[in-house]
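Enquirer: Each chain, written out:
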Amino acid sequence: DGGITQSPKYLFRKEGQNVTLSCEQNLNHDAMYWYRQDPGQGLRLIYYSQIVNDFQKGDIAEGYSVSREKKESFPLTVTSAQKNPTAFYLCASSASPADTGELFFGEGSRLTVL
Amino acid sequence: QKEVEQNSGPLSVPEGAIASLNCTYSDRGSQSFFWYRQYSGKSPELIMFIYSNGDKEDGRFTAQLNKASQYVSLLIRDSQPSDSATYLCAVESTGRRALTFGSGTRLQVQP
Chain A
12 DGGITQSPKY LFRKEGQNVT LSCEQNLNHD AMYWYRQDPG QGLRLIYYSQ
62 IVNDFQKGDI AEGYSVSREK KESFPLTVTS AQKNPTAFYL CASSASPADT
112 GELFFGEGSR LTVL
Chain B
52 QKEVEQNSGP LSVPEGAIAS LNCTYSDRGS QSFFWYRQYS GKSPELIMFI
102 YSNGDKEDGR FTAQLNKASQ YVSLLIRDSQ PSDSATYLCA VESTGRRALT
152 FGSGTRLQVQ P
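As given, the protein sequences belong to chains A and B, one line each in that order. Adding 11 to a residue's 1-based position in the first sequence gives its number in my numbering. Adding 51 to a residue's 1-based position in the second sequence gives its number in my numbering.
Chain B on its own, in the form it takes in the complex (with noise of 0.2 Å):
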């Protein structure tokens, strides 16, 4: 089964630091990944997506990706405590159209 593998933390970061979410996958054909955060008892919402290797940025956030390695990376800057949820790493595995989902990364940004 192709795997998505991310640190379930949690991750804990003071107001206004920057964190970093980590993320590796198995199935190297992958062309397509993700970041969902899911606040506590509610559903994932999307919140970046990156096709090419390098940095994509939206505002406060950054996805990396890194295909010679399988790594996808979240950055995000200026850390809010309204930023404190779990993020999910989604990949779009070679061969259906479906996202595989990682156990999620717990972040916590202390006030």
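Extracted from the complex, chain A is given alone in its bound form (with noise of 0.2 Å):
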């Protein structure tokens, strides 16, 4: 089955330590996205990438690195310089960058810092 998997799907963080979330898609869809939800709030962009090797910044992206050296993997990294890091933490993809609005998201990571 096609689709976008996040892993890990729940993560536990000292303060201070820097973590990875994993997304990756078999969807050979170009567009990929990470956005951030808190509690009762919509969802805020991090990180876009339209294209391999090539990534923009979105609202908040203080704090959070990205790659995308292959075009089915987006890895997310929160750094400690993050200072409120405790998030529900979506990827999304899409066919193309002309197709920003159809965006297909994998299940979530939840981030919480301890």
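Simulated from the structure, these hints should not be mistaken for laboratory data. Careful: at least some of the hints might be erroneous.
To be verified - A partial selection of chain A residues facing chain B, derived with a Cβ cut-off under 8 Å:
1) Phe23
2) Gly27
3) Gly53
4) Leu56
5) Glu113
Beta carbons: idealized from backbone N, C-alpha and C, even for Gly.
Bring the two chains, given one by one in their own frames, into a single complex with the hints.
Expert: Quick look at the structure:
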């Protein structure tokens, strides 16, 4: 089955540690995105990538980093510089940069900082 | 920052009624508008999109767009308890190929 796989589903981190969230898609989509969702709130864009080896900052990129070395993979690293990282992280893809609105989401990764 | 505003709700309607969800946006140049549904603890899923002024119908759902007023709405006819979810309005802002989401409206359909 085609889709987006995010791992881990749940992650606990101590303050000061970097963590990397995995996002893999087998939909052959060109564009990939990372969003953050806090309780009772909508999605806020962290980073997005329209093509391999290229990515752009979203609205809340500070304290996060990404890479896009392969078309199917777009990992997100939450660094210790992110002041309030506890949140639900959603990875999404779209077939092409022109299809921005039709996003396919993974099941999400819930990060808790202890 | 370009914004998308929604009333957080909850909006409570009886089963069989029409639910009306509203959204305003600040970027006057936006051309594409989307409605996503998100069940509790799950990922969002696309249910409607609209690009032109006026109404667009798909089954029990109707999206309405008024670019002059910078206003998008979603009507759900014959609301069912299974429609109970958070509805997210999203806009493709000018200058970037990514969606800006509103905070969502929580809909509760009472049996």
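Enquirer: Please check whether Gly27 (chain A) passes as an interface residue: C-beta within 8 Å of a C-beta belonging to chain B.
Expert: 29 Å, violated
Enquirer: Report holds or violated for the interface hint on Glu113 (chain A), using the least CB-CB distance to chain B and a cut-off of 8 Å.
Expert: 6 Å, holds
Enquirer: Interface hint check: Gly53 (chain A), Cβ to nearest Cβ on chain B, cutoff 8 Å. Holds or violated?
Expert: With a minimum Cβ separation of about 4 Å from chain B (threshold 8 Å), the hint on Gly53 (chain A) holds.
Enquirer: Does the nearest C-beta of chain B fall within a distance shorter than 8 Å of the C-beta of Phe23 (chain A)?
Expert: Violated. Min distance 18 Å.
Enquirer: So, as I understand it, the hint says Leu56 (chain A) touches chain B; can you test that by seeing if any CB pair is closer than 8 Å?
Expert: Holds - the Cβ of Leu56 (chain A) comes within 8 Å of chain B, reaching about 5 Å at its closest.
Hints 1 and 2 from the list above are not met by this structure, while the remaining hints are.
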